[in-house]
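Each chain, letter by letter, is given below.
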Amino acid sequence: MQYPQPIAKLMDSFMRLPGIGPKTAARLAFHVLDMKEDDVLDFARALVSVKRELTYCSVCHHITDTDPCRICDDSSRDRSMICVVEQSKDVIAMEKMKEYTGLYHVLHGAVSPVDGIGPEDIYLPDLLKRLQDEEVQELIVATDPNIEGEATAMYISRLVKPTGIRVTRLAHGLPVGGDLEYADEVTLSKAIEGRREF
Amino acid sequence: MQIHSLELKDYRNYDSLELTFDHQVNVILGENAQGKTNLMEAIYVLGMARSHRTPRDKELIRWDQPFARIRGGLSNRRGPADMEVVFSRRGKKVKVNAIEKKRLSEFVGTCTIVMFAPEDLTLVKGSPQVRRRFLDMELGQINNVYLYHLSQYYKILKQRNQWLKELRERRRDSDDAMLDVMTGQLVDAGAEVLLRRFQFLDKLAQWAAPIHQDISRGREELEVSYDASAEVDRTMTIDELKHALHEAFAGVREQEMRRGTTQAGPHRDDLSFFVNGRNIQTYGSQGQQRTTALSLKLAEIELIYEKTGEYPILLLDDVLSELDDHRQTHLLNAIKGRVQTFVTTTSVDGLDHELLSEAGTYYVEEGTIRERS
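Residue numbers (the working numbering), protein chains in the order written: chain H, 1374 to 1571; chain D, 610 to 982.
In isolation and in its complexed conformation, chain H is listed as follows:
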């Protein structure tokens, strides 16, 4: 069956979102049809405003509605430390912890030649420039613990180490509160590798 044009167009838009196929798109589109007009308008405005009102911080490239972002602008934060992450989502995860008081740098990706991403295609040159201009003593590399994240981390460490800035990597191993017996062999062997003396 052919959908009326406006419904078909809305479905196409929904399908551009991650994880949404034709069936979910149809369900969502028909749901919108049943919504109150005010709610639909609010929804549409919310969509436009994330795009219009949010930009990326010119210093750390985290999403923000002010430039520089609230974190970069906060004078109470420790400016000698930068935590390097792949995504803005990672900053939010780190901030939830409320333990880290340093600054951030969002790369927006990791080096992955297969996906056409080299070191210049992410905000890596920016990071190096920041290190020259700012008084940074430690770089905490918190890229994802997969092949691309590891390659990016090692690359950063090779470039930064000679400048005398301390470069550290987040530890990987056992999750807190987990049972040892349920950990898979690979995680366990990583945990053994990264063991610490009491």
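Take these hints with a grain of salt, some might be off.
Some, not all, of what chain D presents toward chain H, calculated at C-beta under 7 Å [unchecked claim]:
1. Asn753
2. Val754
3. Tyr757
4. Ser760
5. Lys764
6. Ile765
7. Lys767
8. Ala786
9. Met787
10. Val790
11. Arg936
Quick caveat, the hints were computed from the structure, so don't treat them as lab data. Predicted, not measured: the structure shown is a model, and the values here were computed from it. Idealized CB from N, CA, C, for every residue including glycine.
On the provided structure of chain H, position chain D as indicated by the hints.
Coordinates of chain D only, in the frame set by chain H:
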């Protein structure tokens, strides 16, 4: 280990099929192109989560259908286990006792399989790829950690090859740091792969030598050697292996920049087989090559038993008729009373071992199967 039941849905040429197996030895009879090998492949997939014939999972789904499903009920030392593999356009899902396993390495190894098919007779003579695949599949199913390092290795290799290609085409600034990082990653994973290959081959050779001697009536001494692209040997520690791999990569650097692909590492290694000191890939008779393939398969069965405390399922696809009476007898005596075995053949003529007379027999015709009572 024993498979009691098998259920197929839209798998290859089977729309739906339910079978039960009560016998230790099961003979699958049928004309060519009726679905015998598909059935063997289904059992193989139940253990390995991939086909032995194709790397493209899509081919396993029956024409025009959205998904294919294989279910198998088996029992092992630890009790019964229900295995399930589903292939759809979005990929595959594997379950053990209705619990989905996110990593294939958590699934592979639950049901160990040894397959012996006509292709395996070319193990000695065929391309290096055939021997590497043999090594990777057999080692992978008894060692999850190997499977993990191997898949990491291949992912890094893909990234590194792409990087080299871009360097060659000058689409990237010649950046030694990035290539060094990727070489380091490849070396780390490669050393783990090599270490486990050496351990496995030592064991395999230990088992294969007496079996080979037995089949050849004491006339032949079999040795297996690993031909590496780096200066490595089986006595090395992980750090020594890494060091040797680093040297190998340093040696091919120029060549890699010129060709734009990775020129060293375990993905280029090979196996050689020697009988009485002579390399049988070049100097062996067809008979010696077949005996070697058979000895290795039988050694594998013993090795899996040693490592897991359980015999694997043996799949003999159209291979029994390829072996002469003496080798046939040897094979069937070796499995007797221990290993659940599935045999496909177009005719039982010329196969008159006592084991086959006690076997369950199934007829395959155009995607349907009936059991002879």
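Taking the hints in turn, this is what the structure says about them:
1. Asn753: holds, 6 Å
2. Val754: holds, 5 Å
3. Tyr757: holds, 5 Å
4. Ser760: violated, 10 Å
5. Lys764: holds, 5 Å
6. Ile765: Constraint on Ile765 of chain D satisfied, holds at 6 Å.
7. Lys767: Hint holds; Lys767 of chain D Cβ to chain H Cβ min 6 Å, cut 7 Å.
8. Ala786: holds, 5 Å
9. Met787: holds, 6 Å
10. Val790: holds, 4 Å
11. Arg936: Violated. Min distance 38 Å.
Of the numbered hints stated above, those contradicted by the structure are hints 4 and 11, listed in ascending order.
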